[in-house]
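Chain B is already provided as a structure; the job is to place chain D on it using the hints.
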Amino acid sequence: MRVKRHPIIEAKEQSQIRFIFNGNEVIGYQGDTIASALHALGIKVLSRSIQKHRARGFYCAIGNCGSCHMIVDNVPNVKTCITKLEPGMVVSTQKGLGKII
Amino acid sequence: MIEKDLIIIGGGPAGLKAAKSALDSGSSVLIIERNSELGGQLIKQTHKFFGSEKQYAKTRGFDIAHILISELAPYKERLEIELDTTVVGLYKDHVVTTLKDDSYQKYHAKAIIVATGASEKVLAFENNDLPGIYGAGAVQTLMNLYRVLPGKEVVMIGSGNIGLIVSYQLMQAGVVVKAVIEAAPTIGGYKVHASKLRRLGVPILTSTTIKKAFGTDQLEKIEIVSIDKNWKEISGSERIIFTDTLCVSVGLSPMHQLLSMAEIKMHCINELGGLVPSISDFHETSMEKVFVCGDVIGVEEASSAMVEGALIGLVAAERIGYVHPKLTELKTDYLMQLDALRSGPFGKKSRIGLDRLKVSEHA
Numbered sequence: 001m002r003v004k005r006h007p008i009i010e011a012k013e014q015s016q017i018r019f020i021f022n023g024n025e026v027i028g029y030q031g032d033t034i035a036s037a038l039h040a041l042g043i044k045v046l047s048r049s050i051q052k053h054r055a056r057g058f059y060c061a062i063g064n065c066g067s068c069h070m071i072v073d074n075v076p077n078v079k080t081c082i083t084k085l086e087p088g089m090v091v092s093t094q095k096g097l098g099k100i101i
Numbered sequence: 001m002i003e004k005d006l007i008i009i010g011g012g013p014a015g016l017k018a019a020k021s022a023l024d025s026g027s028s029v030l031i032i033e034r035n036s037e038l039g040g041q042l043i044k045q046t047h048k049f050f051g052s053e054k055q056y057a058k059t060r061g062f063d064i065a066h067i068l069i070s071e072l073a074p075y076k077e078r079l080e081i082e083l084d085t086t087v088v089g090l091y092k093d094h095v096v097t098t099l100k101d102d103s104y105q106k107y108h109a110k111a112i113i114v115a116t117g118a119s120e121k122v123l124a125f126e127n128n129d130l131p132g133i134y135g136a137g138a139v140q141t142l143m144n145l146y147r148v149l150p151g152k153e154v155v156m157i158g159s160g161n162i163g164l165i166v167s168y169q170l171m172q173a174g175v176v177v178k179a180v181i182e183a184a185p186t187i188g189g190y191k192v193h194a195s196k197l198r199r200l201g202v203p204i205l206t207s208t209t210i211k212k213a214f215g216t217d218q219l220e221k222i223e224i225v226s227i228d229k230n231w232k233e234i235s236g237s238e239r240i241i242f243t244d245t246l247c248v249s250v251g252l253s254p255m256h257q258l259l260s261m262a263e264i265k266m267h268c269i270n271e272l273g274g275l276v277p278s279i280s281d282f283h284e285t286s287m288e289k290v291f292v293c294g295d296v297i298g299v300e301e302a303s304s305a306m307v308e309g310a311l312i313g314l315v316a317a318e319r320i321g322y323v324h325p326k327l328t329e330l331k332t333d334y335l336m337q338l339d340a341l342r343s344g345p346f347g348k349k350s351r352i353g354l355d356r357l358k359v360s361e362h363a
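Residue numbers (the numbering used here), protein chains in the order written: chain B, 1 to 101; chain D, 1 to 363.
Quick caveat, the hints were computed from the structure, so don't treat them as lab data.
Quick caveat, the model's predicted, so the values are computed rather than measured.
Careful, some of the hints might be misleading.
[To be verified] When the alpha-carbon atoms are kept at most 30 Å apart in a straight line, the in silico DSS-like pairs for lysine-lysine are as follows:
hint : chain 1 : residue 1 : chain 2 : residue 2
1    : B       : Lys84     : B       : Lys4
2    : D       : Lys110    : D       : Lys265
3    : B       : Lys52     : D       : Lys326
4    : D       : Lys265    : D       : Lys76
5    : B       : Lys84     : D       : Lys48
6    : B       : Lys52     : D       : Lys48
7    : B       : Lys4      : D       : Lys178
8    : D       : Lys265    : B       : Lys52
9    : B       : Lys12     : D       : Lys48
10   : B       : Lys99     : D       : Lys349
11   : D       : Lys265    : D       : Lys92
12   : D       : Lys121    : B       : Lys84
13   : D       : Lys106    : B       : Lys12
14   : B       : Lys4      : D       : Lys196
15   : D       : Lys92     : B       : Lys84
16   : D       : Lys196    : D       : Lys326
17   : D       : Lys48     : D       : Lys100
18   : B       : Lys95     : D       : Lys229
19   : D       : Lys211    : D       : Lys221
20   : D       : Lys48     : B       : Lys4
21   : D       : Lys221    : B       : Lys4
22   : D       : Lys152    : B       : Lys84
23   : B       : Lys84     : D       : Lys76
24   : B       : Lys84     : B       : Lys12
25   : D       : Lys100    : B       : Lys95
26   : D       : Lys326    : D       : Lys211
[Stated by the list, open to error] If you want the ones that stay clear, here's a sample from chain B, every Cβ over 12 Å from chain D, calculated:
hint : residue
27   : Pro7
28   : Ser15
29   : Ile20
30   : Glu25
31   : Thr33
32   : Ala35
33   : Ala37
34   : Ala55
35   : Gly63
36   : Asn74
37   : Val75
38   : Val90
39   : Ser92
40   : Gly98
Every residue gets a Cβ at the ideal spot worked out from N, C-alpha and C, and that includes glycine.
The shape of chain D in the complex, shown without the other chains:
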């Protein structure tokens, strides 16, 4: 058993920022990352971020990943990073077990931050398992990291920001985007992303959903159908679109599995993406000294994940005796940044979700 101060599970935007804050506070840190590099999903994001300068606005996602990693460089003596390492167990006595190259390791930590992120949801329709049907994030990984095209033509299901941004990136890579379809009556993501697609002639079909996919061994075509305001299919409105690729961008679910495994108290909050842990004001779960930040406590954008990480890194370090000299000042700043990020109409879902989580807690 290896003893540690603070273990951070997940080296994405939330985990990296949490590490920086904890190191600044004087704690030593072990980051455990499943992937062979740090940065989480930032590494495949070629678009420039929104928000304010504090959250690296106007910088491309993959460049933000480099910045977050380089911010940790001054702390070599107190920072350990295990890559290609999967956490396979989280236990009530703060034991973390990992798997790397077929060998197990056991750690014990004074505090643990779970920053495992989220995974893409699937959508139920006939033949949704055909090769050629991928998560939108998967296609982004394929083309932006490995420079491989998913196909010749794509239909995107879902007009949230991921659906819109990935559609645009598909066009940048040379793929024809035949349509974006959206079940809701209005476009889900930012207008600025939708407008870019419309200017390039991509139809965005609202109040429309997929009914069925066709193909033997791989996708050949899909059937779409219009739906009314009660989300009922309008018979006779079915249309066929020929396409070899379909992207599903219907949201993400928090990766709660480790928390559930440790029997941490959970609630199902749809606005936050699914199962999330019940938390104190500063994100401590029902298991003492186990904290959460980023998408695992509610699916949002990477900007919020970074601020949350920065905040929770401070709090977790403080909890085990490493107090940042500017603790109060920084906490206030991060809380204000989070409020600002969640203040607009696009932050409404997170606000409702987090409120519902609080209510469930006291129910």
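Just chain B, same shape as in the assembly:
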């Protein structure tokens, strides 16, 4: 869900960005981070915790807390709350520790 009308912030027409989430093509907008685009689509679960596989969403949205890590273009532990969305990105839910090597 996106803000429809706002008394202070001006609405800007933004171009669409197509990207892949867990194998499906989805749409975000210019200016989105990966996490904001997913959230607007109603996707709140970004990763699964290491031991108990609990659902994890973002918490701070400014790159501090590490709760928003996902696998982006095969790279794990990407802070999706501060990573700008780009066309064609392949994003998937990270389950547990990411494999770095």
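Just chain D now, kept in the frame of chain B:
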């Protein structure tokens, strides 16, 4: 290794004002900022500021960010700005290492100002890790910067100014605020913010805390409970509120990690938000020529962070030989502004905290 006069870590309100003062004094400056734009958390603040005109009262936060950035425009030759760059190391020999796009860089500076700000605290309760539970600042970022709604309904924990202001901004964006809950017996923030919410019918429940969150994979409802004057839960007072979003606004902690890494002497002062460096009268830490300003030396409002930045920029520049022609006059003015900002009942916590820091220093 790249040699620099003054490196400022953090391009928020404190760092930007520090840069302006240092540039005015004649120093060259490198600002290193993790984000892709300058302004820190001002960029998501749609509300008008309080304080006096000197601290941009009646101007909206994001407009203040633009002003602070434009104030640096005349200094292009002596100012360098590295965006999307994270400082990953601060060392005793004044070496600063950064990471940008997977590549490292090493700098050496004559003086360093750490203006890293603060991060949102979390609150311990059952299932506090469910998606749908966010920091209040996070929700502000989501809706004001990216124009994405956090959910349909929100409960806010904490009635400090951030909790109250973000609740109001949630309503402006079209979200239903079901309640603001506050563990203390009185509302924490300014009455004017609380009154706005009350006029719109939002209940502010004092002496109330959250007990538990429920949901599979995302938040569905919460259980709240009343507490007595000894902060003990009153059994039988539990209530359920259905909500898909919960905002946690229980304060901030200084981002001390770089200072701790450099083994700078630290103290834990609750009134200032947690671990803060021990400082001289003009904010020099135990590491010579390393200064601090803004929330990293005690969580306050952006107004104080800006004045502190302006002051410390002058002092740091002076320390490395660039003396502002009006140094004494400006210092006195900034110190008086800080005193004024901290003088009321809402400045009490900062005053106590800063006093305690001084006492810890001599203990």
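How the hints compare with the structure:
With a C-alpha separation of about 22 Å, the suggested pair Lys84(B) and Lys4(B) falls inside the 30 Å cut-off, and the hint holds. At roughly 20 Å between alpha-carbon atoms, Lys110(D) and Lys265(D) fall within 30 Å of each other, so this suggested pair holds. Between the alpha carbons of Lys52(B) and Lys326(D) the distance comes to roughly 60 Å, so the proposed pair goes past 30 Å and is violated. Among the hinted pairs, Lys265(D) with Lys76(D) is inconsistent with the structure: their alpha-carbon atoms are about 35 Å apart, more than 30 Å.
For the suggested pair Lys84(B) and Lys48(D), the alpha carbons sit about 28 Å apart, so the restraint of at most 30 Å is met. A hinted pair counts as satisfied when its Cα atoms are at most 30 Å apart, and Lys52(B) with Lys48(D) does not qualify at roughly 44 Å. Of the pairs offered as hints, the one joining Lys4(B) and Lys178(D) holds, with about 20 Å between alpha carbons and a cut-off of 30 Å not exceeded. Between the alpha carbons of Lys265(D) and Lys52(B) the distance comes to roughly 38 Å, so the proposed pair goes past 30 Å and is violated.
Simply put, Lys12(B) and Lys48(D) have alpha-carbon atoms about 22 Å apart, close enough for the 30 Å limit, and the pair holds. Of the pairs offered as hints, the one joining Lys99(B) and Lys349(D) is violated, with about 45 Å between alpha carbons and a cut-off of 30 Å exceeded. Taking the CA atoms of Lys265(D) and Lys92(D), the gap is near 12 Å; set against the 30 Å cutoff, the hint holds. A C-alpha spacing of about 25 Å is found between Lys121(D) and Lys84(B), which places the hinted pair at or below 30 Å, so the restraint holds.
This hinted pair does not check out: Lys106(D) and Lys12(B) have alpha carbons roughly 39 Å apart, beyond 30 Å. Between the alpha carbons of Lys4(B) and Lys196(D) the distance comes to roughly 22 Å, so the proposed pair stays at or under 30 Å and holds. Using a Cα cut-off of 30 Å, the hinted pair Lys92(D) and Lys84(B) is violated, with the two alpha carbons roughly 34 Å apart. A hinted pair counts as satisfied when its Cα atoms are at most 30 Å apart, and Lys196(D) with Lys326(D) does not qualify at roughly 43 Å.
The suggested pairing of Lys48(D) with Lys100(D) is violated, with an alpha-carbon distance near 34 Å, which exceeds 30 Å. Note on Lys95(B) and Lys229(D): the hinted pairing is violated, with a Cα-Cα distance of about 44 Å set against a maximum of 30 Å. With a C-alpha separation of about 11 Å, the suggested pair Lys211(D) and Lys221(D) falls inside the 30 Å cut-off, and the hint holds. A threshold of 30 Å between alpha carbons decides the hint, and for Lys48(D) with Lys4(B) the separation of about 22 Å falls inside it, so the pair holds.
Straight-line distance between C-alpha atoms of Lys221(D) and Lys4(B) comes to about 25 Å, which keeps the hinted pair within the 30 Å bound. Distance restraint check for Lys152(D) and Lys84(B): the Cα-Cα separation of roughly 25 Å lies within the 30 Å cut-off, and the hinted pair is therefore satisfied. Restraint check for Lys84(B) and Lys76(D): satisfied, since their Cα atoms lie roughly 27 Å apart, inside the 30 Å limit. Our distance criterion of 30 Å between C-alpha atoms is met by Lys84(B) and Lys12(B), whose separation comes to about 17 Å.
For the hint pairing Lys100(D) with Lys95(B), the CA-to-CA distance comes to about 26 Å; that is within 30 Å, so the pair holds. Restraint check: the Cα-Cα separation between Lys326(D) and Lys211(D) comes to about 55 Å, which exceeds 30 Å; the hinted pair is violated. The Cβ of Pro7(B) sits about 6 Å from the closest Cβ of chain D, inside the 12 Å cut-off, so the non-interface label is violated. Interface exclusion of Ser15(B) from chain D stands, the closest Cβ pair being 14 Å apart, more than 12 Å.
With a minimum CB-CB distance of about 19 Å to chain D, Ile20(B) clears the 12 Å threshold, and the non-interface call stands. The Cβ of Glu25(B) sits about 19 Å from the closest Cβ of chain D, beyond the 12 Å cut-off, so the non-interface label holds. The Cβ of Thr33(B) sits about 7 Å from the closest Cβ of chain D, inside the 12 Å cut-off, so the non-interface label is violated. Non-interface call for Ala35(B) relative to chain D: violated, since the shortest CB-CB distance, roughly 8 Å, does not exceed 12 Å.
Consistency note on Ala37(B): stated as away from chain D, yet its beta-carbon is not over 12 Å from all of that chain's, at 8 Å minimum. Residue-level check failed: Ala55(B) sits 4 Å from the nearest beta carbon of chain D, not beyond 12 Å. Separation of Gly63(B) from chain D is inadequate, the least Cβ-Cβ distance of about 7 Å not exceeding the 12 Å criterion. Look at Asn74(B): its CB is around 14 Å from the nearest CB on chain D, clear of 12 Å, so calling it non-interface holds up.
At roughly 10 Å from the closest C-beta of chain D, the C-beta of Val75(B) falls inside 12 Å, breaking its exclusion from the interface. Here Val90(B) stays apart from chain D, with its beta-carbon at least about 18 Å from theirs, past the 12 Å limit. Distance check for Ser92(B) against chain D: the nearest CB is about 16 Å away, which clears 12 Å, and the non-interface claim stands. No Cβ of chain D approaches the Cβ of Gly98(B) within 12 Å, the least distance being about 16 Å, so the stated non-interface status holds.
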